[in-house]
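We have chain A; now place chain B onto it with these hints.
There are 2 protein chains.
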Amino acid sequence: MKIIDGGVCAAKGFLANGIHCGIRKNKTKRDIALIYSETRASAAAVYTKNLVKGAPLSVTKNHIADGYARAVICNSGNANTCNADGIEIAEKTAQLLAKEMKIDASDVVVASTGVIGLPMSIEPFEMGIPALVAGLSRDGGHAATEGIMTTDTRPKEIAVEFTVGGKVCRIGGIAKGSGMIHPNMATMLVFITTDVAICPTLLQKALSGDIENTFNMVSVDGDTSTNDMVCILANGAAGNAEITENGEDFKTFMTALNTVTVDLCRKIAGDGEGATKLLECKVTGAKELSVAKTVARSVICSSLVKAAMFGADANWGRVLCAIGYAGADVDINKVDVDFASVGGRIAVCRSGSGVEFSEELAKQILLKEEIEILVSLNDGDATATAWGCDLTYDYVKINGDYRT
Amino acid sequence: MKIIDGGVCAAKGFLANGIHCGIRKNKTKRDIALIYSETRASAAAVYTKNLVKGAPLSVTKNHIADGYARAVICNSGNANTCNADGIEIAEKTAQLLAKEMKIDASDVVVASTGVIGLPMSIEPFEMGIPALVAGLSRDGGHAATEGIMTTDTRPKEIAVEFTVGGKVCRIGGIAKGSGMIHPNMATMLVFITTDVAICPTLLQKALSGDIENTFNMVSVDGDTSTNDMVCILANGAAGNAEITENGEDFKTFMTALNTVTVDLCRKIAGDGEGATKLLECKVTGAKELSVAKTVARSVICSSLVKAAMFGADANWGRVLCAIGYAGADVDINKVDVDFASVGGRIAVCRSGSGVEFSEELAKQILLKEEIEILVSLNDGDATATAWGCDLTYDYVKINGDYRT
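Chains A and B are the protein sequences, given in the same order. Quick note on numbering: the first sequence equals residues 1 to 404 in this note's numbering. Quick note on numbering: the second sequence equals residues 1 to 404 in this note's numbering.
So here's chain A without its partners, still in its complex pose (with noise of 0.2 Å):
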C-alpha cells in the first residue's frame, strides 16, 4: 500500500469541486462542496448518535436506504438542525443538484456543517449550484476539502493505493473538525471515495466495524455533534471483482479503509478547535477491549490532562486520575505510565505509583506535537488507542463567541 495525491478524487471515475456560494459572509471562503462519481456507486453511512439530528441527515438516510449514491453535497456556515422548514431545503437541495447533473435525487448524500438553529435560505444553493457542477474536475478534490471547512486550520485529506484481486485500486478521504467533536456517536463529517468493487452490505459492514476504533476514539471537547456523518461511496471502477463476502480481498480493503481513517482521525484530532498538539493515548494489557478503549477515552477527555499538554507539564497524577474514574474495570496498583513523542520518552508513573523522572526530559518530549501517552494496564493484552488534542486559550476563545 503507498500514499498517494489526490484525496477524494484519487480513485478512479470521482470528480469533485468548492466553491463559494453565498451561505457564509465571507466572500473568500468556499462555502459548498460537491462530490460526484461518474457511475452509480455503493454507498454506507454512519450518523451521529445525538437525539438531535440534522435535517439533511435524515434526507441522506432516506436516499442511500437502497445501497447506492451518486453525489455527495455539503455545505458549511449553516447546519440546517433545530429549523422547522430543514428537511424541505436539503430535500429541495439534492433536487436542484438532481436536476442540474440529470441524475436522481435519490442518489444525492445531502450534508451541513455549521451554526445550529440558524433560518437557512435555498437561494444559495440555486445561485452556487449550476456553478458547482460546471466546475467539476479530476482536480477538484483540494476544493471541495476547502468548501466543508468551519472553524479547521487544515484542509484534512489522503490517499491510499493497494490491490484487490490484482487490480490496483485506491480509496481517499476528507474530512472536516474540529469542535463538538467526541467519541461514542457516529462522528464529523467524513466522506471517502473508492474505485473498489464491493457490495452496499459490505461497503456498511467496513465502514460500520473501522469507525468503532478510528472516529469513535476521538474527542476534541466532549461535545458530540448533531450533524456527523462518515459517508463511502465505493464506484468500482478500478475493475476487481465485486467483493461479496468476508474473505482476503475483504480484509485487505478493511485495511485500506482503516490506513485512511486513522490518517483522518489524527488529523481531526490534532486539528481540534485552539489544538497546538496532537494527542495519542495508546493503552495496553487491558483486561479486554472495552476496558482498554473506555480507558484511552477517558485520559484524552479529560480537561485537565489537556490543559497539562498544553503547559508541557509532566502531571502524569491526572492521567491516573482520569482512568480511575474512567469507570472501566482496572487495577490501579498495577498501571504503568510513560510520555513519549519525538523528543524521547520518559517514565513517569509504575505500580500506580510515582517514580523519580528528569523534569527537563519530560518538558522536552511535552514540548513536542505529537504528544504520545501511554498507559500499560498490565492485566491482559487488548490495547486500544484513542485521538484528541490540548486545551487551549484558543479553544476558549474560538468558542465564547462562535456566532459573530
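These aren't lab readings, by the way, just hints derived from the structure by calculation.
No farther apart than 30 Å at their CA atoms in a straight line, the calculated lysine-lysine pairs in the BS3-like style are these: (1) Lys99(A) x Lys27(A); (2) Lys334(B) x Lys92(A); (3) Lys61(B) x Lys334(A); (4) Lys49(B) x Lys282(A); (5) Lys334(B) x Lys49(A).
Structure of chain B alone, referenced to chain A:
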C-alpha cells in the same frame, strides 16, 4: 430558618483553626485546617467514586466506621495520593493530632487536597500541629476555610439556624473547589458541623440522600477527583431529643442540611477554576427524575455551552445539542429553552426549534454573573438542577502549569 455567621463554628461546641505549617512554599498561605468538637460527635461521610483514592480517605473511612469522630484535620498543597507511603503518613497525622489533643486517633478524620503523586513528608505536620491545636477557637472557622483552599479564589462557608423539637439548632459548612470537579462521585472537600443530636445511621442517611441532588449535580471540568469527601459531624450540643427515626425532626434537619449544601454547591460552581459566571441549569417537565438529572448535568458539562456563556453568546443550539447527546429519554420536538438572570428572561427555543429573539436583551441577560439555563421538556413532572461555570482563558492558564 435564618442564615447566621460562623461557618463551621456556628454550631455549639465546635472550635476551628487554620495555619501555615510548611506544606506550601508560600508562607502567607494557610495550608492546614482543624475542626474540633468538644464532645464526641456522630459522624458520616461520602467519598469519591474514583478508583484512585487519596490515602487519607481510606484512613478516614476506617476511623469513622464506628459512627463517631471528634476532629477533622485537612491539609492543602499535596493530595497524598499515588504515594507508596500515603496510608502511613495519613495514619501518622491522626496519631500526632490525637497525642497533642489527648483524644483517640480513631476519632480523627484526615483529608488532603493538592497535587497528586507528589511525595509527602510528615515533618510539616510534626512542626505545625502544636500551633494548630493551640490556636483553636470559636472564631477559627474562617481560618479553617482558608486552610483547605487550593485554586479557590474565595473561601466558601455558610451556616443556618433552625429549630428541632423546640430547641434552637445550628448547622454550618465549609468547602473547597475548584478544579477536578464533576458529578457522579462523592464530591469535593466539604466539612459540615451541627449541634443537632442525631444518631450516626440517620446522619449518614441524611448526607447520602442530600448529595445526590446537591454536590453530585456540580461540575466544573468533568474530572472526578481522587480526594473528594463530604464529612459531617453532629455533636448534639443543641440539646434536642436525639433524632433516631425518619420523622418530622429528620425532615427539618434534612431541609437545613440542604440549605447549607445548595449554598456551598453554588459557591463551588461559581468559583470554579477560571470561572467568571455561575451557571444553573434547571430542568422541568421530565418524564422521570433520572432524565431531569441527566439532562441538567449534560448541559452544565458541555464545553461549548460553557464557552458560549463566557462570551455571553445566546448560542442555544449548543444547549439543544447537549440535551440530544445526554443519553436520556427526551422528545426533542417538545423542548423549550429560556435564558434568565437578574438582567431578565428570554425565550430562545420552542418545541425544539429556534424562535426570534432580541440579541441585545439576550446579551444583557448573559453578561450577568449568575445565569439560569431553563429547560422545559414538557413530558412529565420531574425536575432537577445542576450547577456549573463558564469555560474561560483562566481555566486553561491555571491548569496549563498547575505544578509550578
